[in-house]
Amino acid sequence: MKARARLLWPLLPALAQAAKPWRIWLVTYRGWTDVEQGFVEHFKSRGLAAEFTHRDIALDPARLPAVVAEIRAARPDLVHCWGSPVTLGVAGPWKGADPARHLVEVPIVFSLVASPVGARIVPSLASSGRKLTGVSHLPPVTAQLGLLSSYRAVRRIGALYSANEPNSRAVLDELALRAAARGIELISRPLSSDGAGKPLAASAPGLLAELQHAGAEWLYLPPDSFLTTQLKAVVLPAAEALRLPSLASTEQQVAAGALLGLVSRYRSVGQFAAYKAEQILREGRAPASLPIETLSRFALQLRMPLARRLKLLPPLSLVHHAELLEEDLDA
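Residues -18 to -1, 1 to 313 in mature numbering (1 follows the signal peptide of the UniProt record, and there is no 0) are what the sequence shown spells out, letter by letter.
These are calculated hints, taken from the structure and not from any lab test.
Nothing here was measured: the structure is a model prediction, and the numbers come from that model.
Just so you know, not all the hints are guaranteed correct.
As the list claims (entries may be wrong) - With a straight-line Cα cutoff of 20 Å, these simulated DMTMM-like cross-link-like pairs (lysine to aspartate or glutamate) come out:
1) Lys113 with Asp155
2) Lys77 with Glu87
3) Lys26 with Glu52
4) Lys113 with Glu265
5) Lys293 with Glu309
6) Lys293 with Asp176
7) Lys26 with Glu265
8) Lys180 with Glu33
9) Lys2 with Asp59
10) Lys214 with Glu87
11) Lys2 with Glu33
12) Lys113 with Glu260
13) Lys2 with Glu199
Stated by the list, open to error - Simulated restraints on C-beta separations:
14) Ser174 with Ala51: 28 to 36 Å
15) Lys180 with His302: 37 to 45 Å
16) Ser27 with Ser131: 37 to 45 Å
17) Leu306 with Arg138: 22 to 30 Å
18) Glu192 with Ala270: 42 to 50 Å
19) Arg164 with Trp14: 32 to 40 Å
20) His302 with Ala55: 52 to 60 Å
Cβ coordinates follow ideal geometry from the N, Cα and C atoms, glycine included.
Taking the hints into account, I'd like the entire structure generated from these sequences.
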């Protein structure tokens, strides 16, 4: 099955531009999101003529070689990649990118990569050292731990992750280190995999029971693309049945039903990534000269119906600063 494609009509500025519209490809992991919407909106709001072509791999990195070949043949002005699996498949790791398999000649801007260094996409956040830059969406793990501790005292945190997503493992490694410094233990379990190495959502309920039996008081949701797609139907209902409150690391995880999250708004991430693309295309900046950055502000979101069901109402100090989500997903 071929990757789904969508060609968006050129965005026409208020005044006609003499210059030829920039050709930008958007490669996504699990469909069109607010990240891409924000990216496109930035060009439109700035009156910059651009033609966007979209390719989605529908959670299957095996589709990326064909997408890379298509991009190479099209020779666009810039490529935007969503998430670590897509970015690694298109650009390759910073040390060992293969020109035969990866794009090395086209500027690339990534977004939704939680740990660019840990995922081996860049050697440092200061510079990629190549034709690539991007935006990370993950708040500092120290801030996330502080949020948990301000909700209630915690000694053990549980986490699930997909073994085939290096980004998730890198974030959990850092979380374990920072948590240990606070006297908190992180207990993590990988989802079971099939013969092809793809994670199995059906293993989540049993693993959650293991985490609870081991003493986990919270369920941490790492920025894991596959796990996020399974939250609403599988993971979060099982966690609620076990009375395990959940801390989200992304906006989509809160939208799927997590109790609490300190998150970057996806639309803002896309707009910031588009600003970097504009610096490359309009100002002629080298991608390697643009640091990898996060947003300067994050949103604190709290799902009150779930807090009531869990009998885990937040302290007023959090309520005063949070965006309270009153809708119940089951309503």
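>> Verify the CB-CB distance for Arg164 and Trp14 against the hinted window 32 to 40 Å.
In response: holds (39 Å)
Query raised in the report: Does the Cβ distance between His302 and Ala55 fall inside 52 to 60 Å?
Result: holds (55 Å)
### Query
Are the Cα positions of Lys26 and Glu52 separated by 20 Å at most?
violated (26 Å)
>> Given the hint of 37 to 45 Å, is the C-beta distance from Ser27 to Ser131 inside that range or not?
In response: holds (39 Å)
- Query: Is it true that the CA of Lys113 sits at most 20 Å from the CA of Glu265?
  - Reply: holds (15 Å)
Practice prompt. Using the Cβ atoms, figure out if Lys180 sits within 37 to 45 Å of His302.
Written response: 43 Å Cβ-Cβ, so the 37 to 45 Å window holds.
Decide if the proposed pair is consistent with the structure: Lys113 and Asp155, CA atoms, cutoff 20 Å inclusive.
With a Cα-Cα distance of about 28 Å, the restraint between Lys113 and Asp155 is violated, given a limit of 20 Å.
Would you check the hint for Lys214 and Glu87, treating anything up to 20 Å between C-alpha atoms as holding?
-> Since the Cα atoms of Lys214 and Glu87 sit roughly 40 Å apart, the hinted pair is violated (cutoff 20 Å).
Would the hint linking Lys2 and Glu199 be met if the CA-CA limit is 20 Å? violated (56 Å)
- Task: Just tell me: holds or violated, for the beta carbon distance of Leu306 and Arg138 against 22 to 30 Å?
- Result: holds (27 Å)
Would you mind confirming whether the straight-line C-alpha gap from Lys293 to Glu309 stays at or under 20 Å? Holds, at about 17 Å.
Given hint Asp59 paired with Lys2 - CA-CA distance at most 20 Å: Holds: Lys2 and Asp59 sit about 11 Å apart, inside 20 Å.
Checked against the numbered hints listed earlier, the structure breaks hints 1, 3, 6, 8, 10 and 13; every other hint is satisfied.
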